[in-house]
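Take the sequences, apply the hints, and build the full model.
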Amino acid sequence: MFSDPRHLPGPGPVALIMLEEARSGELFVNLAATLARVAASFTLAMSLGSALGYLMGRSRLADKILDPWLVVLLNLPALVVIVLAYIWAGLTEAAAIGAVALNKLPGAVVVAREGARALDPTLDEMALVFRLPLKTRLRHIVLPQLAPYLAAATRSGLSLVWKIVLIVELLGRSNGVGFKINLAFQLFDVRLLLAYALPFVAIMLGVETLVVQPLERHVSRWRSDAA
Amino acid sequence: MLLDVAIASKDYLSANGRSQRALSDLRLTLKRGEAGAVVGPSGCGKTTLLRIVAGLDRDFAGSVALPDHGRLGMVFQEPRLLPWRNVAGNIHIAAPQASRAEIEALLEALGLVGHAAHFPRQLSLGLARRAALARALAIKPDLLLLDEPLVSLDAALALELRDLLARLIDETHVTTLIVTHDLAEAIALADKIFILSPRPARVAAVLDIATPRRRMTPEAAEALTQEARAAIAVLRE
Chain A
1 MFSDPRHLPG PGPVALIMLE EARSGELFVN LAATLARVAA SFTLAMSLGS
51 ALGYLMGRSR LADKILDPWL VVLLNLPALV VIVLAYIWAG LTEAAAIGAV
101 ALNKLPGAVV VAREGARALD PTLDEMALVF RLPLKTRLRH IVLPQLAPYL
151 AAATRSGLSL VWKIVLIVEL LGRSNGVGFK INLAFQLFDV RLLLAYALPF
201 VAIMLGVETL VVQPLERHVS RWRSDAA
Chain B
228 MLLDVAIASK DYLSANGRSQ RALSDLRLTL KRGEAGAVVG PSGCGKTTLL
278 RIVAGLDRDF AGSVALPDHG RLGMVFQEPR LLPWRNVAGN IHIAAPQASR
328 AEIEALLEAL GLVGHAAHFP RQLSLGLARR AALARALAIK PDLLLLDEPL
378 VSLDAALALE LRDLLARLID ETHVTTLIVT HDLAEAIALA DKIFILSPRP
428 ARVAAVLDIA TPRRRMTPEA AEALTQEARA AIAVLRE
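Chains as they are written, first to last, in my numbering: chain A, 1 to 227; chain B, 228 to 464.
No wet-lab data here; the hints were simulated from the structure. Glycine is no exception: its CB is placed at the ideal position from the N, C-alpha and C atoms. Check the hints yourself; a few may be wrong.
One-sided and incomplete, this derived list gives chain A residues near chain B with beta-carbon spacing under 7 Å [what the hints assert, rightly or not]:
#1 Thr122
#2 Glu125
#3 Met126
#4 Pro133
#5 His140
#6 Leu143
#7 Phe188
#8 Trp222
This is the structure in structure tokens:
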């Protein structure tokens, strides 16, 4: 069946469609819409997830109260969360971003909690004796120790988030890569599907190599710097 | 009185779940500018005492009186520097109010000038401990706490750091409480030596060292050592 160009078009026809979509501006509008949703829901999930995970890693009571919810959320299918969000909050941007964030949240919580549990108690004691203010402790003692965990959460998170954003767009938005893919599905147009999917994968690859990796190298430079 | 420690009792749970008394009726005081050394055998509760004074252990009966808003500088047995910050950064984070000139003077006094930009992993234990000492002094502490400052250093290095510490304590007049198992170290560094009894620890004897440290002759040190040994021998009977 792959010999049929309708099922697997060559690079030429795909590039042609891509060019067409770019010329009309459609490609950029939809890529930008998806990218903005990825950024918003990723930021929301990571900041909330890190804070909750830190709290659960540090306080046994918080862990006890929140852990069952975490397990529920971890095992709730993405589709259920998305459909419920659209039914309860309407087909809105907030519902879309919230639903994606809610799918990424438990993963971020789990990783941040592991990081918080592994915090070095001897540095805590040092901070206590020297009466370091809370801001200094978070910035100079807690955050550097959590950095590798947060980097791992970022890496797995970005890829997860963009996949779910596409589903959210397919189900209830009128723009974005997911919306266009839905259109391509209805037309059985694999060229259009690839014309939108490939640039987005390229963008995410760029984010990984140009933003995530350099950032990771920067925060862990003290490890490799040793004599 | 700058420091007034009066511990009625301090218990801890041993591995078999039974409550054990670590400290009992322990009283010690230091005047401003005095250097005190707590001497006792390993495992007698010296570090427990220091942790109580530092405010790290509040589960005890009794009181620790320190000046209001008093600043504590502490040098732990392991240096406890932030591995992701260089030496200068470590000092600056603990003592943000210290000026660049003050930090440089401290690095100079501790022989760390060439190491300001080094990360803790690049330092030997001796250097890392000096960096921890610089950090503790940078906050201009009202009370300096030293937990076995010379332990696990080789003999020559220990002697060098001991003389450096003695000079710094003399020059800065910082009130200091040192915990050590080494009598010679205590005599070299302190004005007052508190000899602890075996568990449950209390202060069994206090030795005042009248002679200024720098002018102490080997004979005077020897006499002090004999006096301290006699006090310890009584405890063993």
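Report the numbers of all earlier hints that the structure fails to satisfy, in ascending order.
4, 6 and 7
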